[in-house]
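If you read the protein sequences in the order shown, they are chains A and B. To convert, note that position 119 of the first sequence is 119 in the working numbering; the numbers rise steadily by one, no gaps. To convert, note that position 227 of the second sequence is 227 in the working numbering; the numbers rise steadily by one, no gaps.
Rather than coming from a laboratory, the hints here were simulated on the basis of the structure. Quick caveat: nothing in here was measured; it's all calculated off a predicted structure. Even for Gly, the Cβ is constructed at its ideal location relative to N, Cα and C. Incorrect hints may appear among the rest.
Label pairs and their calculated CB-CB ranges [as the list claims (entries may be wrong)]: (1) A:G201 with B:M85: 28 to 34 Å; (2) B:P157 with A:S183: 50 to 56 Å; (3) B:I139 with A:Q166: 56 to 62 Å; (4) A:T180 with B:R160: 47 to 53 Å; (5) B:N84 with A:R89: 25 to 31 Å; (6) A:R174 with B:G203: 55 to 61 Å; (7) A:R18 with B:E202: 49 to 55 Å; (8) A:S123 with B:Y45: 55 to 61 Å; (9) A:V118 with B:E202: 37 to 43 Å; (10) B:S168 with A:Y87: 28 to 34 Å; (11) B:E162 with A:T180: 46 to 52 Å; (12) B:I139 with A:T180: 30 to 36 Å; (13) A:R18 with B:R74: 44 to 50 Å.
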Amino acid sequence: MFRNQYDTDVTTWSPAGRLFQVEYAMEAVKQGSAAIGLRSKTHVVLACVNKANSELSSHQKKIFKVDDHIGVAIAGLTADGRVLSRYMRSECINYNYTYESPLPVGRLVVQLADKAQVCTQRSWKRPYGVGLLVAGLDESGAHLYYNCPSGNYFEYQAFAIGSRSQAAKTYLERKFNNFTASSREDLIKDALIATRESLQGEKLRSSVCTIAVVGVGEPFHILDQETVQQLIDTFEIVREEETAPAEPEAAAEQDAATDQASGADQGGAGNQGGADQGGSPMDI
Amino acid sequence: MDSIAESQRTLYPYVTGSSVVAIKYKDGILMASDMGGSYGSTLRYKSVERVKPIGKHSLIGASGEISDFQEIQRYLDELILTDNMWDDGNSLGPKEVHNYLTRVMYNRRNKFNPLWNSLVLGGVKNGQKYLGTVNMIGINYEDDHIATGLGNHLARPILRDEWHENLSFEEGVKLLEKCMRVLLYRDRSAVNKIQIAKMTEEGATMFPPFSLKTYWEFSAFKNPTVGAEGSW
Numbered sequence: 001m002f003r004n005q006y007d008t009d010v011t012t013w014s015p016a017g018r019l020f021q022v023e024y025a026m027e028a029v030k031q032g033s034a035a036i037g038l039r040s041k042t043h044v045v046l047a048c049v050n051k052a053n054s055e056l057s058s059h060q061k062k063i064f065k066v067d068d069h070i071g072v073a074i075a076g077l078t079a080d081g082r083v084l085s086r087y088m089r090s091e092c093i094n095y096n097y098t099y100e101s102p103l104p105v106g107r108l109v110v111q112l113a114d115k116a117q118v119c120t121q122r123s124w125k126r127p128y129g130v131g132l133l134v135a136g137l138d139e140s141g142a143h144l145y146y147n148c149p150s151g152n153y154f155e156y157q158a159f160a161i162g163s164r165s166q167a168a169k170t171y172l173e174r175k176f177n178n179f180t181a182s183s184r185e186d187l188i189k190d191a192l193i194a195t196r197e198s199l200q201g202e203k204l205r206s207s208v209c210t211i212a213v214v215g216v217g218e219p220f221h222i223l224d225q226e227t228v229q230q231l232i233d234t235f236e237i238v239r240e241e242e243t244a245p246a247e248p249e250a251a252a253e254q255d256a257a258t259d260q261a262s263g264a265d266q267g268g269a270g271n272q273g274g275a276d277q278g279g280s281p282m283d284i
Numbered sequence: 001m002d003s004i005a006e007s008q009r010t011l012y013p014y015v016t017g018s019s020v021v022a023i024k025y026k027d028g029i030l031m032a033s034d035m036g037g038s039y040g041s042t043l044r045y046k047s048v049e050r051v052k053p054i055g056k057h058s059l060i061g062a063s064g065e066i067s068d069f070q071e072i073q074r075y076l077d078e079l080i081l082t083d084n085m086w087d088d089g090n091s092l093g094p095k096e097v098h099n100y101l102t103r104v105m106y107n108r109r110n111k112f113n114p115l116w117n118s119l120v121l122g123g124v125k126n127g128q129k130y131l132g133t134v135n136m137i138g139i140n141y142e143d144d145h146i147a148t149g150l151g152n153h154l155a156r157p158i159l160r161d162e163w164h165e166n167l168s169f170e171e172g173v174k175l176l177e178k179c180m181r182v183l184l185y186r187d188r189s190a191v192n193k194i195q196i197a198k199m200t201e202e203g204a205t206m207f208p209p210f211s212l213k214t215y216w217e218f219s220a221f222k223n224p225t226v227g228a229e230g231s232w
């Protein structure tokens, strides 16, 4: 996309019928680090790649709990994302106060989209520079929506946004047919694999990704680093060994001894490696 | 209190409805009231519908000021309309409507401009039965059987004794008729024209009005003062 004379204001159409400022806002989403979402009939999983500015700083928070039954992952201008999350939380809590009932995700998403649309039609505003993956539960089941800066929203079985999201999307496109019937664990596993695709070569560790889950009977929550690392270890090892479905604990125990190399990099696995070795002959 | 001109606050009710009685039964909710609108001590209006269906899942019954009930019906119409306009498969159930009304009633009470009603809100959604009440000062609660006004004193003791889970429709109607009969005998603002409504998962049914059979030949009423203190 190149600069042109129709891209200064959001309220200026181009002769081809485009609003360049809105399209530029969508570009901002592509610059943010990846966020991935997938859903089954009963659960929705959100995953994101955490980029920190430097080793000294902390990661940007990209996943927000909006209510017990709704959560959101963002990509793009995180400040805009924070503001929109606050709006979503406010809407949910107000609805709950009046009706003592959770706000249906579909309605929240429409309100969010209408809010974004306003910014595409006021000369004194700019579009929000953030894409939101909204995960939630309501009476009709589990839902995953994507809200654009343009004010459009779409429902997805699985989706990825942000930089290098195409790799994740390709993986998801191959697997999405099975998601509806997936178990919670398989869904998380697929989310982690998709996240790894977005990392493109970089090692998948719990310090570079965040996972959150919401499901029937399970309020929205972000999984803690240890749990995530254990999950990574479980399927990473399976993949490297190229064995058929391994039971998590048995496989981990068996392979911790033989796979010292990969075990060393993963902070969380150190625990595993030490604890059950005892008199292991592999301790060199 | 001073944001509204003094002359426009509700100070006392004018046309009032008497008790509403409602119970949960096997398939849903049964609600009964009479069709009277009293103007003070005059039994002036005899065809006032005080039980109405709301949306797909709820019934509302009202006692107290009839004009305020009509206003509430307008609020609820708007609420249901907006709910339908989302067109997304979600719908407000009885619990949500009850809570909404509680907020409205309590807020009006806080402004010293109440809606002078006691409301009964019942319904069924996704197999779950719900029955609750809210009144002009914002007191709200849920129970298996609800009554307003004098019904609390005359009908609820009967219901406490005779209500049980899984009443059949016929048993439920008989129980409500028993309550309404006691109210007819003992509440001076009751009229003998009863309306019963039913709410189940399938929807609402408003039954046509009917009268209760009454018996006035009790011997104790023939010479009521015989044996009374100071009588002759």
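Evaluate the given range 28 to 34 Å for the C-beta pair formed by B:S168 and A:Y87.
For A:Y87 against B:S168, whose Cβ atoms are near 50 Å apart, the range 28 to 34 Å is violated.
Does the Cβ distance between A:R18 and B:E202 fall inside 49 to 55 Å?
holds, 51 Å
For A:G201 and B:M85, compare the CB-CB distance with the range 28 to 34 Å and indicate the outcome.
Violated: the Cβ-Cβ distance is about 50 Å, outside 28 to 34 Å.
Hint check for B:Y45 and A:S123 - Cβ pair distance inside 55 to 61 Å
holds, 58 Å
Holds or violated: 37 to 43 Å for the Cβ distance of A:V118 and B:E202?
Once the Cβ atoms are compared, 42 Å apart, the range 37 to 43 Å for B:E202 and A:V118 holds.
Verdict for A:R174, B:G203 (Cβ pair) under range 55 to 61 Å:
violated, 46 Å
C-beta pair B:P157, A:S183: status relative to the range 50 to 56 Å that was hinted:
holds, 53 Å
Regarding A:T180 and B:R160, is the given constraint of 47 to 53 Å on their beta-carbon distance met?
Holds - the Cβ-Cβ distance for A:T180 and B:R160, about 49 Å, lies within 47 to 53 Å.
Quick one: are B:I139 and A:T180 within 30 to 36 Å, going by C-beta?
violated, 46 Å
Against the range 56 to 62 Å, how does the distance between the Cβ atoms of B:I139 and A:Q166 compare: consistent or not?
holds, 59 Å
Could you see if the CB distance from B:N84 to A:R89 stays within 25 to 31 Å?
Since B:N84 and A:R89 have Cβ atoms about 26 Å apart, the given range 25 to 31 Å holds.
If I claimed the Cβ atoms of B:E162 and A:T180 lie 46 to 52 Å apart, would that claim hold in this structure?
holds, 49 Å
Hint compliance for this structure: hints 1, 6, 10, 12 are broken, all remaining hints hold.
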